[in-house]
Structure formats: C-alpha cells, structure tokens
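Asker: Sequence:
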Amino acid sequence: MDNALLSDVTGVILVGGRSRRMGRDKALLSLGGAPLVARVIEAFRRVFARTVLVGDRGERFREFGVEVISDIHPGSALGGLHTGLARAGTPYVFVAACDVPWPDSRVIAHLCSLRSGYDVVVPRTDGGFEPLFAVYGTGCLPAVERMLRQGNCRIYDFYPEVRTRQVTMAELAGLAAPERTFVNVNTPSEFEHIRQREEAPMAKAISFVAKSGTGKTTLLEKVIAELKSRGYRVGAIKHDAHRFDIDHPGKDSYRLTAAGADTMLISSPEKLAVVKKHEVSPPIEELIATYFGDVDIIITEGFKKSGLPKIEVHRRERSTTLLCRGEQHDPTLLAVASDEPLELDVPVLDLNDPKQVADFVEERFLTQRS
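Its first residue numbered 1, the sequence shown is counted upward by one per residue in UniProt numbering.
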C-alpha cells in the first residue's frame with residue numbers, strides 16, 4: 001500500500017456500548033490527555049479517507065468532527081458491524097471498538113492490504129480472534145443479517161460461511177504486539193493498569209526544527225558532541241520525508257531487504273542496525289518508547305508537526321521569518337537558536353555557540369537526571 005488514504009475501506013468505530021462493567025463511558029476515558037475514542041479516530045485518519053462512528057447514542061461524540069451513524073440493530077457489536085457494512089457505502093469497512101488505547105495505524109494498514117479476495121481479514125492471537133480490529137467486506141451482510149435474526153451476536157460464528165483470512169502474530173511480527181495492539185478496556189482496574197503503562201517514564205526528547213539550508217544538522221553535530229563530553233547518553237532521530245537506504249546495492253544486508261524481508265537486523269561487535277519496513281510512518285512517541293530506553297536525552301531533527309518541545313534554528317540569510325513564530329504560533333517552542341538578535345517570547349540562543357545551546361538543553365531536560 002502507498003501513502004494514499006484508502007477510499008474503498010471506511011473506518012468504523014463502534015460507540016454504542018453501555019460500558020456497564022466500567023460504570024462510565026469507556027470511549028470518553030482520558031488517556032494521555034485525549035479520550036480513548038479520539039486516539040482511535042486519529043489512527044484511522046492516518047489510513048482511511050472516511051471514518052464514521054456507529055452507535056445508537058452517537059450524539060455524544062459529535063464534538064470530534066466525525067460523522068455519526070445510528071445503529072440499525074442497537075445493543076451489540078454485531079449490530080454495529082451490520083450498520084457499518086450497510087451504511088458505509090464502500091466495499092469494505094475496518095471495524096474497531098472505541099476503547100482501544102493503542103490503535104496502531106501500521107497494523108490497520110497491513111490488515112487492509114490483505115483484503116483482496118476475502119470477506120474478512122482478522123488477526124488471531126493466542127487468545128483467539130480479534131473481531132473488533134478487523135476488515136469486513138459487504139459479502140458478509142447476508143450471514144450477519146441471518147445471525148441477527150437468530151439472536152446470535154457472536155461475531156466470529158459467521159466466519160466459516162465467508163472467505164476469511166486469518167492473520168497470525170507471526171505475520172504481524174515487527175508490527176503488532178498482542179499485549180498492546182489488541183488491548184481494550186472493560187473495567188476500572190484494567191483502565192488503571194493501562195494508565196500506569198501509558199504514564200511510565202519515557203526518555204526525554206527535544207526536536208530541532210528549521211527551514212532547509214539553515215545549518216541545523218551542523219549545529220546538532222556540535223550539540224551532541226558537547227552533551228556526550230558531559231557524560232550523557234544521547235539518542236538521535238532524523239526525520240526524512242523521502243525514501244532512503246542505509247546500505248548499498250551488492251551488500252548482503254541490502255540483498256536480504258530487497259528480497260522482501262520486512263525486518264532485517266545486522267549486528268557486529270561494535271553496533272547493530274535495524275531496517276524495518278512499514279506502510280504508515282509510526283508516531284514519534286512510539287519510536288522513542290520502542291528504541292530509546294537506554295539514553296538520557298533524544299535529539300530529533302525535523303518532526304515539525306510533532307508535539308515534542310522544540311528549538312527552532314534560524315539563520316538571517318536563509319529567511320526573515322520563523323516556522324514557529326509568525327507563520328504559525330507553536331506552543332511547544334522552547335527557544336530559538338539564531339545568528340541575529342530577535343524579540344521573542346522565548347529565549348534566543350546564539351546559533352554559533354553550541355555550548356550555550358547544550359547548556360539550555362541540559363538545564364531544561366537533564367538537571368534532574370537520576
């Protein structure tokens with residue numbers, strides 16, 4: 001799949017549940033500063049051209065700016081699936097519950113990429129099917145309608161009647177972690193456990209942003225060297241909006257990746273490198289949590305649209321305007337490293353003094369290092 005949003009698959013989020021075991025609406029539980037349903041909406045918007053909410057009490061969610069469709073047969077997830085299939089107007093839907101704390105857009109995109117020739121594409125973990133994180137085609141409608149008439153609401157009971165593609169965890173290796181990707185929330189104790197996992201300490205990160213040709217990479221080289229000289233463990237992430245290769249044609253590692261390996265790791269006594277293919281770029285927060293647990297500070301280059309705290313690099317001869325002040329007002333901006341004096345609401349650092357920039361990073365992020 002390329003980076004275009006899917007137009008023949010509608011993202012369907014089920015919001016009709018009564019949350020009886022939770023005691024309050026699961027969809028609106030706040031995690032990481034956002035309601036659970038908003039996290040699912042955001043993941044869907046990375047993959048689908050259209051996302052809808054399905055539920056008989058959908059008016060509660062109009063503030064999220066997503067179309068709401070009332071249940072035709074309220075009271076069950078199967079009924080929500082039926083409504084999505086009947087009303088979406090696309091050959092396929094991807095169905096998810098509203099209480100998925102860590103919906104992974106890469107997994108969603110991969111499951112959708114397998115849809116051709118099937119009525120259902122469903123993950124299967126050691127615990128069984130994951131019917132509320134799966135692809136369904138309109139070919140399922142006759143079987144779903146029959147089950148609703150019979151009063152059988154167990155979704156996976158109709159799988160043997162249609163063309164079903166089971167996706168194993170081995171196929172999702174490197175993409176899905178069952179203990180994370182397919183988790184949902186049912187009880188207060190489950191939510192508390194998830195909240196604690198979400199709020200576990202993560203490595204501190206700051207993003208340096210700039211217009212191209214400003215000298216951002218040169219400054220970062222010197223800031224990283226300065227922080228290393230002070231004894232800190234430093235990680236670095238470079239954002240590249242284009243395709244790239246880290247090895248070269250003819251090398252064994254290149255040949256293995258070119259042959260189709262989804263994850264390729266090369267290791268030596270000094271270092272290792274991982275090449276991992278993905279269909280949708282993972283969020284920066286996920287990269288940090290996955291790969292940078294052993295550092296004190298992460299310096300990222302780019303990621304202008306992320307929610308990370310930022311230092312903008314400004315050079316007078318390159319531009320008279322700033323990215324984070326003027327063209328827009330980015331509340332995550334902490335400072336500007338500039339080669340000219342500026343009147344701003346944040347500190348202005350000397351672009352030509354990497355020690356001063358490192359001092360600022362150390363003071364803001366590292367003085368409380370344990």
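Among these hints, one or two may not hold up.
In silico EDC-like cross-links for lysine to aspartate or glutamate, where the CA-CA straight-line distance does not exceed 20 Å [claimed, not checked]: (1) 238 to 171; (2) 228 to 330; (3) 228 to 286; (4) 204 to 359; (5) 304 to 262; (6) 204 to 221; (7) 228 to 171; (8) 277 to 363; (9) 276 to 363; (10) 204 to 262; (11) 222 to 330; (12) 271 to 294; (13) 277 to 161; (14) 355 to 171; (15) 222 to 42; (16) 305 to 286; (17) 277 to 171; (18) 211 to 226; (19) 228 to 362; (20) 276 to 296.
What follows is a set of in silico ranges between Cβ atoms, one per label pair, in the way DEER data are often shown [said to hold, decoys possible]: (21) 347 to 72: 52 to 62 Å; (22) 23 to 196: 39 to 49 Å; (23) 160 to 195: 19 to 29 Å.
Calculated directly from the structure, the hints in this document are not laboratory data.
Glycine included, every Cβ here is placed at the ideal spot set by N, Cα and C.
Asker: Give a verdict on every hint.
Answerer: Status of each hint after checking the structure:
1. A hinted pair counts as satisfied when its Cα atoms are at most 20 Å apart, and residue 238 with residue 171 does not qualify at roughly 28 Å.
2. A distance of roughly 29 Å separates the Cα atoms of residue 228 and residue 330; the hinted pair therefore is violated under the 20 Å criterion.
3. Distance hint between residue 228 and residue 286 is unfulfilled; the C-alpha atoms sit about 24 Å from each other, more than 20 Å.
4. For the given pair, residue 204 sits about 15 Å from residue 359 by alpha-carbon distance, which is consistent with the 20 Å threshold.
5. Using a Cα cut-off of 20 Å, the hinted pair residue 304 and residue 262 is violated, with the two alpha carbons roughly 28 Å apart.
6. Among the hinted pairs, residue 204 with residue 221 is consistent with the structure: their alpha-carbon atoms are about 18 Å apart, no more than 20 Å.
7. In summary, the hint linking residue 228 to residue 171 is not supported, as the alpha carbons are separated by about 40 Å, beyond the 20 Å threshold.
8. Simply put, residue 277 and residue 363 have alpha-carbon atoms about 37 Å apart, too far for the 20 Å limit, and the pair is violated.
9. For the suggested pair residue 276 and residue 363, the alpha carbons sit about 35 Å apart, so the restraint of at most 20 Å is broken.
10. Distance check on the hinted pair: residue 204 and residue 262 sit about 29 Å apart at the alpha-carbon level, beyond 20 Å; violated.
11. Of the supplied pair hints, the one linking residue 222 and residue 330 is violated, its CA atoms being roughly 25 Å apart against a limit of 20 Å.
12. For the proposed pair residue 271 and residue 294, the alpha carbon gap of about 14 Å is at most 20 Å, so the pair holds.
13. Using a Cα cut-off of 20 Å, the hinted pair residue 277 and residue 161 is violated, with the two alpha carbons roughly 34 Å apart.
14. In summary, the hint linking residue 355 to residue 171 is not supported, as the alpha carbons are separated by about 47 Å, beyond the 20 Å threshold.
15. Among the hinted pairs, residue 222 with residue 42 is inconsistent with the structure: their alpha-carbon atoms are about 36 Å apart, more than 20 Å.
16. The straight-line distance between the Cα atoms of residue 305 and residue 286 is roughly 15 Å, inside the 20 Å bound, and the hint therefore holds.
17. Restraint check for residue 277 and residue 171: the C-alpha separation of about 13 Å stays at or below 20 Å, so the hint holds.
18. For the hint pairing residue 211 with residue 226, the CA-to-CA distance comes to about 24 Å; that exceeds 20 Å, so the pair is violated.
19. Proximity of residue 228 to residue 362 is assessed by CA-CA distance (about 11 Å); at most 20 Å being required, the pair is judged to hold.
20. For the proposed pair residue 276 and residue 296, the alpha carbon gap of about 24 Å is over 20 Å, so the pair is violated.
21. At roughly 58 Å, the beta carbons of residue 347 and residue 72 sit within the given window of 52 to 62 Å.
22. A C-beta distance of roughly 19 Å is found between residue 23 and residue 196, which places it outside the suggested range of 39 to 49 Å.
23. At roughly 38 Å, the beta carbons of residue 160 and residue 195 sit outside the given window of 19 to 29 Å.
Hint compliance for this structure: hints 1, 2, 3, 5, 7, 8, 9, 10, 11, 13, 14, 15, 18, 20, 22, 23 are broken, all remaining hints hold.
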